[in-house]
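Using the supplied hints, reconstruct the complex from the two chains, each of which is provided in its own coordinate frame.
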Amino acid sequence: KAGVTQTPRYLIKTRGQQVTLSCSPISGHRSVSWYQQTPGQGLQFLFEYFSETQRNKGNFPGRFSGRQFSNSRSEMNVSTLELGDSALYLCASSLRPSGGSTPYEQYFGPGTRLTVT
Amino acid sequence: QKEVEQDPGPLSVPEGAIVSLNCTYSNSAFQYFMWYRQYSRKGPELLMYTYSSGNKEDGRFTAQVDKSSKYISLFIRDSQPSDSATYLCAMSGAVTSGSRLTFGEGTQLTVNP
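Those protein sequences? They're chains A and B, same order as listed. Its first residue numbered 34, the first sequence is counted upward by one per residue in this note's numbering. Its first residue numbered -5, the second sequence is counted upward by one per residue in this note's numbering.
Okay, chain B solo, but in the shape it has when bound (with noise of 0.2 Å):
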C-alpha cells in the first residue's frame, strides 16, 4: 500500500465550479502538506503547504489537513480554464530529516469554459 493515496481522475469541472482535491495517507511522521501543480510538460510548482493540521487559505485555493484522520484537501473556488492541470499532493517530515517529499499519484483536472 502507496503511504500517500490520491484519486488521479480525471475530473471535469465547468468554469466557476468548487473543486475539492483529496489524498490520504498513512505515515505518522508527515508534519508538512503540500500541494503542488503541474501543467503540461512541466516541472510541478509549489501552491501552498500547510504544518500539521489546520487551514490555509491563498486567493481562491483553500487547504485543510486534519491529521487524526490522515487526511488532506485542496479547494479551488471560482475555478478557471487556467486551473487545468494536475494537482500533486505532497507531504514531508520534520525538516531534521531532510527534504524528502512524499508524493501522491496526482490528480488530472480539466476547467471546461
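Same shape as in the complex, but just chain A (with noise of 0.2 Å):
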C-alpha cells in the first residue's frame, strides 16, 4: 500500500509570492491534516480537513488556507510568504477510528521543505 505523498519535495520562492503544496493521502484515508515543523516552534497543527470540509483549525493567520477535494487529495497554500513561513510542511492522513479506545492513527508524508526568500 501506497504512503502519503508530498509534491514537491523541496521548493525556493521568495517573500511575497504564494506557493501551493499538495498530498495524496493513503487510500482509502478521508482524513487529511496538515503541520508546519521548524525548529524553534516543532510541529504545529495547521487545519484538518475530512471529507472535504476543514474539521479543524490552528492557530495561523489567515494567509495559510487548504482544501480537500472528493478524491481525498489535499492542498495547502500560503499566500504572501515571509521569511517566517520557511519550514517543512508535513500532511497526515488517517482512518476514522473504529472504537473508544483507537486514536486517529496518523501516518506522515516526507514533507515540503519550502524555503522562502
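These aren't lab readings, by the way, just hints derived from the structure by calculation. Among the clues, some could well be false.
[What the hints assert, rightly or not] No more than 27 Å apart at the CA atoms, straight line, and that leaves these computed lysine-lysine pairs for DSSO-like:
{"no.": "1", "chain 1": "A", "residue 1": "46", "chain 2": "B", "residue 2": "36"}
{"no.": "2", "chain 1": "B", "residue 1": "-4", "chain 2": "A", "residue 2": "90"}
{"no.": "3", "chain 1": "B", "residue 1": "36", "chain 2": "A", "residue 2": "90"}
Now the structure itself:
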C-alpha cells in the first residue's frame, strides 16, 4: 500500500509570492491534516480536512489556507510569503477510528521543505 | 506555556542502554497519547499509542501514561544505533473533535555503537 505522498519535496520562493503544496493520502483515508515543523516551534497543527470539509484549524494567519478534493487529495496554499514561513510542511492522513480506545492513527508524508528568501 | 513540554536533549547513550523519554502536559482533555519517531529528512512515524492511563508494550518499546500527574514516558530497552532519531510525543482529545495532534518539541536521541 502506497504511503502519503507530498509534492513538491523542495521549494524555494521569494517573499511576497504564494505557494501551493499538494498531498495525496493513503488510499481509503479521508482525514488529512497539515502541520508546520520548524526548529524553534516544533510541529504545529495547521488544519484538518475530512470529506472535503475543514474540521479544525490551528492558530495560523489567514494567509494559510487549504482544501480537500472528492478523492481526498488535499492542497494547502500560503499567500504573501514571509521569511518566517520557511519550514517543513507535513501532511498526515488517517482512517476514521473504529472504537473508543483507538485514536486517529496518523501517517505522515515526507514533507515539503519550503525556503523563503 | 506550551500545552506539551518535552526535553529536547540531545540525549546520547551507549548501545544496549535503557532509554527513558518523557513529556508533561497541561490539557486535561487529552485522551490519546502517541510516540512518533522521526529520522533526519523524513516524516514522523507512529511508534505506538496509549488510550488514557496505563502501560503498553511493543517489543523493546514501553509507553506509560499517568493522567493524574499529566506525565507520559517511553522506554526503549536494549537500544540500538538504528534507534538514533528524534522522538516526539503527541496527544489528542476525543475522536469526536477530530484528529488534531499537539506535539512536544521532540528529543534527539543518539545511540552510540
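Hints, one by one, checked against the model:
1. A:46 to B:36: Holds: residue 46 of chain A and residue 36 of chain B sit about 22 Å apart, inside 27 Å.
2. B:-4 to A:90: holds (18 Å)
3. B:36 to A:90: holds (24 Å)
In this structure, every one of the numbered hints holds.
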